[in-house]
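Undergrad: Here the protein sequences line up with chains A and B, keeping their order. Under our numbering, the first sequence has 136 at position 32, and the numbering climbs by one with no breaks. Under our numbering, the second sequence has 192 at position 182, and the numbering climbs by one with no breaks.
Do not take every clue at face value.
Straight-line C-alpha distance at most 20 Å; calculated EDC-like pairs for lysine to aspartate or glutamate [claimed, not checked]:
no.	chain 1	residue 1	chain 2	residue 2
1	A	301	A	240
2	A	449	A	423
3	A	251	B	242
4	A	301	B	191
Among chain B residues calculated to face chain A with C-beta under 10 Å, some are [what the hints assert, rightly or not]:
no.	residue
5	94
6	97
7	305
In case anyone wonders, no lab produced these hints; they're calculated from the structure. Every residue, glycine too, gets a C-beta built ideally from N, C-alpha and C.
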Amino acid sequence: MPRLLASLPVIGLAALLLPGCAEQQAAVPAAGETEALPAGAVMLTGAGATFPYPIYSRWFHTYARENPVRVNYQSIGSGGGIRQITEGTVDFGGSDAPMTDEDLERARHPLNLPTVLGAVVITYNLPGYSGTLNLDGPTLAEIFLGKITRWTDPRIARLNPDQPLPAQDLLVVHRSDGSGTTFVLSDYLARVSPEWKQRIGVGQALRWPTGLGSKGNEGVAGQLRLVPGSIGYVEQAFARQLKMPTAALWNRSGSFVAPSIEATTRAVEGIEERVGEDLDFRLSIVDSEREGAYPLASWTYLLVPRHFESCTRARALYDVISWAILDGDEHARALHYAPLPADVKQLVLRKWRESVSCGANREPMMREA
Amino acid sequence: MAMQPVPEHAGVLAGLPTGPRPLLHRLRPAWTTGNLSDRIYAVLLVGFGLSLPLLFAAIVYRVAAASWMSIREFGWGFITSTAWNPVVGDFGALPFIFGTVVSSLLALLIALPLAIGLAIFLTELAPRWLAAPIAFATELLAAIPSVVYGLWGIFVLVPWLRETIQRPLADRLGHTIPLFEGPVYGVSMLAGGVILSIMIIPFISSVTREVLSAVPREQREAALALGATRWEMTWQVALPYALPGIMGAAILGLGRALGETMAITMVIGNRPDISLSILQPAYTMASVLANEFAEASGDLYLSALMQIALILFGITIIVNTFARLLVWRVARGRRS
Numbered sequence: 105m106p107r108l109l110a111s112l113p114v115i116g117l118a119a120l121l122l123p124g125c126a127e128q129q130a131a132v133p134a135a136g137e138t139e140a141l142p143a144g145a146v147m148l149t150g151a152g153a154t155f156p157y158p159i160y161s162r163w164f165h166t167y168a169r170e171n172p173v174r175v176n177y178q179s180i181g182s183g184g185g186i187r188q189i190t191e192g193t194v195d196f197g198g199s200d201a202p203m204t205d206e207d208l209e210r211a212r213h214p215l216n217l218p219t220v221l222g223a224v225v226i227t228y229n230l231p232g233y234s235g236t237l238n239l240d241g242p243t244l245a246e247i248f249l250g251k252i253t254r255w256t257d258p259r260i261a262r263l264n265p266d267q268p269l270p271a272q273d274l275l276v277v278h279r280s281d282g283s284g285t286t287f288v289l290s291d292y293l294a295r296v297s298p299e300w301k302q303r304i305g306v307g308q309a310l311r312w313p314t315g316l317g318s319k320g321n322e323g324v325a326g327q328l329r330l331v332p333g334s335i336g337y338v339e340q341a342f343a344r345q346l347k348m349p350t351a352a353l354w355n356r357s358g359s360f361v362a363p364s365i366e367a368t369t370r371a372v373e374g375i376e377e378r379v380g381e382d383l384d385f386r387l388s389i390v391d392s393e394r395e396g397a398y399p400l401a402s403w404t405y406l407l408v409p410r411h412f413e414s415c416t417r418a419r420a421l422y423d424v425i426s427w428a429i430l431d432g433d434e435h436a437r438a439l440h441y442a443p444l445p446a447d448v449k450q451l452v453l454r455k456w457r458e459s460v461s462c463g464a465n466r467e468p469m470m471r472e473a
Numbered sequence: 011m012a013m014q015p016v017p018e019h020a021g022v023l024a025g026l027p028t029g030p031r032p033l034l035h036r037l038r039p040a041w042t043t044g045n046l047s048d049r050i051y052a053v054l055l056v057g058f059g060l061s062l063p064l065l066f067a068a069i070v071y072r073v074a075a076a077s078w079m080s081i082r083e084f085g086w087g088f089i090t091s092t093a094w095n096p097v098v099g100d101f102g103a104l105p106f107i108f109g110t111v112v113s114s115l116l117a118l119l120i121a122l123p124l125a126i127g128l129a130i131f132l133t134e135l136a137p138r139w140l141a142a143p144i145a146f147a148t149e150l151l152a153a154i155p156s157v158v159y160g161l162w163g164i165f166v167l168v169p170w171l172r173e174t175i176q177r178p179l180a181d182r183l184g185h186t187i188p189l190f191e192g193p194v195y196g197v198s199m200l201a202g203g204v205i206l207s208i209m210i211i212p213f214i215s216s217v218t219r220e221v222l223s224a225v226p227r228e229q230r231e232a233a234l235a236l237g238a239t240r241w242e243m244t245w246q247v248a249l250p251y252a253l254p255g256i257m258g259a260a261i262l263g264l265g266r267a268l269g270e271t272m273a274i275t276m277v278i279g280n281r282p283d284i285s286l287s288i289l290q291p292a293y294t295m296a297s298v299l300a301n302e303f304a305e306a307s308g309d310l311y312l313s314a315l316m317q318i319a320l321i322l323f324g325i326t327i328i329v330n331t332f333a334r335l336l337v338w339r340v341a342r343g344r345r346s
């Protein structure tokens, strides 16, 4: 009883703070823990990145209604996902960043297959500023390097000629926990700014030259709300739910692009040339050259072992994910994720079918394919 | 005035002889002689007794083993290095050690006078109808989950501190005293210390209350009979008598402050810098573990985080040992 009482304020606060999230979570019971397992059902487990957790659990839950497959995905973080797939304790892993060659070697080369796209948005708190904030890569790098400290800096004003920016100090808020969001941002900044590449580099946790660290998207959002003049970055879905203002970014084809689901999907159109013959999807999709593509796009990977002991499980996993990728776009959009373009979907599934074997004789997973 | 029952730990904290004879001496008769049930009982109890030290040893062993790679790579330099760059794999613990120690001491500095004052009020002055609800409310503070403290910290405490305490401090004193140098962000070492102090007050005050009520009634009456005022009785008789226990209480609070994670992570600003100013962001050992462990990739990175855990472990052991020694010396000094 005391525990129950003590938890009441938490629930109340959480509901107040994150209306979007509360709603989302209520609508999506965690996959695999709801109904009793029907006879002959397959139970699959996965673990990894937190970023795709809402869409994965929604997909798996929806799929389980019609099919005897239960998937239990635990959002323990990308690092945890890679560790678990390396140790073979799960049927599949999830990771926001692709595995390195070294990781792959140790984990017997699991496939890194993109399932869905997300975007990182630049968000800010500028009281009295109602226009869209436009930024380009080099300016963004200067901001996060701590070289721009006032909103009235000419480098920002040059990109926003229509409305004068308030005379405020600029404060950077960044993630303090290791995060795929930070990875995507630093990947982009390293591409557009040699200084960033040399001084800071790319990673899920960085040695930040400036600013305050807050834990999680919600921590960054909370800090931004409190400090006028602050600027930070969060996942697109999160910013949408809290209706936070977002900046439009200069795209390499020559226009400012506001973050949207369509602009995110556009970032991987035409990716076929880059994945090459062996269909290696471990490539960055930030700073796309495509017209209308949002520069801070990323995809999240499913880590699938190349060999399954049980053909039933191998096929069940393929079935549920191929259903999600091919028929789950509406669910993805509803939760502010961007679906893959149709031809990329086909490539991903082809790679999977061709690479995975199962059973004692190492037969191909798909007999007739 | 009815004496309140004294909990067992109050005696230990006060360094009073509670009369434990050596373990083996007490157990030997039971498992060598006696009937079967007594022997089984004794063996069972030894098992319970040893389970915690064994668990402790197992934890130390695992953490040390996991941090071995980092220990070999950085050696003692890990403790004095201020680098923390996961991208290039260069790690050092000094900013985190500094943040943990300073925020905890700051918390103790704020909490100690408040908690002791509260305990004195409740045991010496307050009428029973007032003392009971206040004591209850204080203890309720200890039951609040730390993430709630953190959220409250972000949305209530930090903005308030920023506008009413930090900004005036930085504006008036910041230019002359480095301790209060700006800029003012709100989240800071000070905010971390304040939130920790609120969290440890219940622990310090309830233990202090117990040891104060354990002061024998005769001592108080004797002081009053000699013509002491209430103030003198409290300060010259009751408090000195309870001093070892109060020190124990303070250490209990410090121990909790050192290990607190969630709430302080949310308000301290998470910047691995060593700054003289308490208005600047800092970082603690527990916070960096909570922040970076889940997404840490690479063996050296994980190992460095484990070594931070090991150091945190070491610091808590040192603090507790020191506290035991202090309590023991004060108690012994008084007896002689």
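Undergrad: Next, verify each hint and record whether it holds.
TA: Status of each hint after checking the structure:
1. A/301 / A/240: Since the Cα atoms of residue 301 of chain A and residue 240 of chain A sit roughly 16 Å apart, the hinted pair holds (cutoff 20 Å).
2. A/449 / A/423: The given pair, whose Cα atoms are some 14 Å apart, holds under the 20 Å limit.
3. A/251 / B/242: violated, 60 Å
4. A/301 / B/191: With a Cα-Cα distance of about 32 Å, the restraint between residue 301 of chain A and residue 191 of chain B is violated, given a limit of 20 Å.
5. 94: holds, 6 Å
6. 97: holds, 4 Å
7. 305: holds, 3 Å
Going through the hint list in order, the structure does not satisfy hints 3 and 4.
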